[in-house]
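*Asks:* Take a look at the letters that make up each chain.
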Amino acid sequence: MAQHEVEISISKSGEVKVHVKNVKGKACLEYAQWLTDVVGKVKDKQLTSEYYEPEVKARIDLHQDLRVEDDSA
Amino acid sequence: MSTVLILAPVIVSSWPAIAVAAAGAASALGFTVKQTVQDALQENEVEEQEQSVEVELADSEVLAQNLATDQQMVLTKGGVQITVGRDARGRCKVCATGKGHSKVELEQMAQQFTEKLTQCFIYDRVVRELKTKNFQVVNEEVMQDESVRIHVRRWVD
Chain A
1 MAQHEVEISI SKSGEVKVHV KNVKGKACLE YAQWLTDVVG KVKDKQLTSE
51 YYEPEVKARI DLHQDLRVED DSA
Chain B
1 MSTVLILAPV IVSSWPAIAV AAAGAASALG FTVKQTVQDA LQENEVEEQE
51 QSVEVELADS EVLAQNLATD QQMVLTKGGV QITVGRDARG RCKVCATGKG
101 HSKVELEQMA QQFTEKLTQC FIYDRVVREL KTKNFQVVNE EVMQDESVRI
151 HVRRWVD
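Respectively, the protein sequence lines represent chains A and B.
The opening position of the first sequence corresponds to residue 1 in my numbering, with each subsequent residue numbered one higher.
The opening position of the second sequence corresponds to residue 1 in my numbering, with each subsequent residue numbered one higher.
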């Protein structure tokens, strides 16, 4: 499981600064769009290096070695 | 880090949600809600020397279906009265009236109230939406510059 974090700062005039953390790739854009719909309109947007990193996919490889032991030896 | 967004607030909502934000702003700025609009109007007729200033929320729209024409909120603090309502174009307007205050002072008060109303409205909306997305509040604090900082997180598969 991944932990997504958002830091939101609402200024005294109602302007909102949103910092989406630990969210990579397309999911990051989805958060940005969702928060834009909630608040109003985009004034400025900065994509950081993490945005361009591939989304993390968890994969577990299982290997099982089958060995027949020869008891006659 | 992933993304940093700066968002300008737009208030498009029905009257009840705006009234809640106005009540929040009133409470934060020390205003009290008057019982009826009629009381305020009658007092205004008597006190003719009062100055009055109107401020309009540029990016706002009060959805008309829930708002009767006389529906507005009247707030008082000292000798100043603030009225929150909807203008003919459907925008939210804030009107400051008071005796013994200059137009500049009243405009400043109306502006301050408008900002607080916007902040309260956006705060309510953001917190409600965060809950629907199952975010947990890690920390929330009011900073020295009167901004509100909310730190939330959630776990996703």
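Just so you know, these hints were derived from the structure itself, not from any lab.
Just to be clear, a hint being listed does not mean it is correct.
Derived lysine-lysine pairs resembling DSSO-like cross-links, with alpha carbons at most 30 Å apart [stated by the list, open to error]:
| no. | chain 1 | residue 1 | chain 2 | residue 2 |
| --- | --- | --- | --- | --- |
| 1 | A | Lys43 | B | Lys77 |
| 2 | B | Lys131 | A | Lys24 |
| 3 | B | Lys77 | B | Lys93 |
| 4 | B | Lys131 | B | Lys99 |
| 5 | A | Lys41 | B | Lys34 |
| 6 | B | Lys93 | A | Lys17 |
| 7 | B | Lys34 | A | Lys43 |
| 8 | B | Lys131 | A | Lys17 |
| 9 | A | Lys12 | B | Lys133 |
| 10 | A | Lys17 | B | Lys133 |
| 11 | B | Lys133 | B | Lys34 |
| 12 | A | Lys21 | B | Lys99 |
| 13 | B | Lys99 | A | Lys12 |
| 14 | A | Lys24 | B | Lys34 |
| 15 | B | Lys131 | A | Lys12 |
| 16 | A | Lys41 | B | Lys99 |
| 17 | B | Lys99 | A | Lys45 |
| 18 | A | Lys21 | A | Lys41 |
Where chain B lies over chain A, by a calculated footprint (3+ residues, C-beta under 8 Å) [stated by the list, open to error]:
| no. | segment |
| --- | --- |
| 19 | 12–26 |
| 20 | 61–70 |
Model, not experiment: these values are computed from the prediction.
By construction, the Cβ of each residue, glycine as well, lies at the ideal position given by its N, Cα and C atoms.
*Asks:* Work down the list of hints and note, for each, if the structure agrees.
*Replies:* We went through each hint and held it up to the structure:
no., hint, in the structure
1, Lys43(A) with Lys77(B), "violated (35 Å)"
2, Lys131(B) with Lys24(A), "holds (22 Å)"
3, Lys77(B) with Lys93(B), "holds (18 Å)"
4, Lys131(B) with Lys99(B), "violated (44 Å)"
5, Lys41(A) with Lys34(B), "violated (34 Å)"
6, Lys93(B) with Lys17(A), "holds (25 Å)"
7, Lys34(B) with Lys43(A), "violated (37 Å)"
8, Lys131(B) with Lys17(A), "holds (19 Å)"
9, Lys12(A) with Lys133(B), "holds (25 Å)"
10, Lys17(A) with Lys133(B), "holds (19 Å)"
11, Lys133(B) with Lys34(B), "violated (37 Å)"
12, Lys21(A) with Lys99(B), "violated (50 Å)"
13, Lys99(B) with Lys12(A), "holds (27 Å)"
14, Lys24(A) with Lys34(B), "violated (50 Å)"
15, Lys131(B) with Lys12(A), "holds (22 Å)"
16, Lys41(A) with Lys99(B), "violated (38 Å)"
17, Lys99(B) with Lys45(A), "violated (45 Å)"
18, Lys21(A) with Lys41(A), "holds (20 Å)"
19, 12–26, "holds (count 13)"
20, 61–70, "violated (count 0)"
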